[in-house]
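Construct all of the structure, not just a fragment, from the sequences and the given hints.
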Amino acid sequence: MSWRSESPFTVGFRAYVGFWFHCSPNPKYSCRCCEKNTTQTQIKIAPVPVSILPKSIATPTLLAQIISAKYQFGLPLYRQEALFKSFGIELHRQTMSRWLIKLSEQLELLYEHWHQQLLLQQAIWSDDTPVKVIETEKSQCYMWVYGCGADKKSADGPPNIVLYDYQDGRAGACPETFLQGYTGLLQVDGYAGYNHTEATLVGCWAHARRKFIEAKAVQPKGKTGRADQALNLIQKLYGIETSIANATPEDKLQIRQEQSAPIMQQLKAWLDKTVLQVPPKTAIGRALQYSLNQWGKLTVYLGHGLASIDNNRAERAIKPFVIGRKNWLFSNTRSGAKASAILYSLVETAKANDLQPVVYLQALFEQLPHTSAADIGTLSPWNIKLS
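No gaps in the numbering here: position 44 of the sequence shown is 44 in UniProt numbering, and each next residue is one more.
It is worth saying that the hints were derived from the structure and are not from the lab. Ideal Cβ positions, reconstructed from N, Cα and C, are used throughout, including at glycine. Errors might be hidden in some of the hints.
[As the list claims (entries may be wrong)] Pair by pair, the computed Cβ-Cβ distance ranges are: (1) 303 <-> 272: 18 to 26 Å; (2) 180 <-> 371: 24 to 32 Å; (3) 218 <-> 90: 55 to 63 Å; (4) 299 <-> 85: 53 to 61 Å; (5) 272 <-> 105: 53 to 61 Å; (6) 319 <-> 377: 26 to 34 Å.
This is how it looks when you write it as structure tokens:
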């Protein structure tokens, strides 16, 4: 006998969320012999276990879950409040908000340690995005992101650090202050505010290419235009970068000088010629002018093996914040926005070092109360011991 199944495979899913209340008693001790001898009895009380949030009922596990839900998966606190309520637990969003702000204050030392580590790197990147903060009464405030390294952990590369920094505005003083004293490579978009820093600015070919893609979109369909000529040359530059993605910085430098530099010379000659042939206010005119205005910065990567052809790593780092902002919409206070900057930094730095944020956060919150300021670096994702 044989069997033949016509039905498709099915996949089942069962979700279970568990909550528990844990009591850690601190017993009192007295000497029974002293009591029998009518001697004055000395009572000793066991110390209360150290907590990252003293006098709080929040455990490292609960805090890690709340932070992961909001900053990794974009679940606002009011939705988490409703989720807890569905399990019969009254945990108000105001309480969770206070926890996160107090927790971020405890984490400032670790954040600053990463900040100093970032400033030691030879190449870093940055980007920014608007955020609404009710307390400021401004139409827009800004969340900046700075970082170094790659998307994934590398054995021989620099540490992967992602730092968010909240500021009330977008003035050049913001990156100037955060990067004070930094003279290495800074990969950015075309925003002029970065000119206030002491860094060597590296332009972004993704932004330049995007301008030509916009120009191509308004070309007559089916016809090849000037935008196509630029995009073909830019694509050759990207093709070279793809081929050397796993090369050493020294090899990248050599190949860029040998293969990319001649293409750049060809592209520059074409830009200089073509910009005189098109109206400046057209899409192609704006694309040409952007590349020419940024040309000095766009060529910097040719002379540095540690630099990238574009700033896409920074854009990927800021994207989780942009997605989260669509859900929680705004911050009520500056302190809340600053707390979000620190907590986003923890989540994204953990992800960049191949750690599950909730696992890293729980270990961090368990170990932080027992770690001295001198040893704070041991709690970084690339150093921490996970149970």
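Hint check results:
no.: 1; hint: 303 <-> 272: 18 to 26 Å; verdict: holds (21 Å)
no.: 2; hint: 180 <-> 371: 24 to 32 Å; verdict: holds (27 Å)
no.: 3; hint: 218 <-> 90: 55 to 63 Å; verdict: holds (56 Å)
no.: 4; hint: 299 <-> 85: 53 to 61 Å; verdict: holds (57 Å)
no.: 5; hint: 272 <-> 105: 53 to 61 Å; verdict: holds (54 Å)
no.: 6; hint: 319 <-> 377: 26 to 34 Å; verdict: holds (28 Å)
Checked against the numbered hints listed earlier, the structure breaks none of them; every hint is satisfied.
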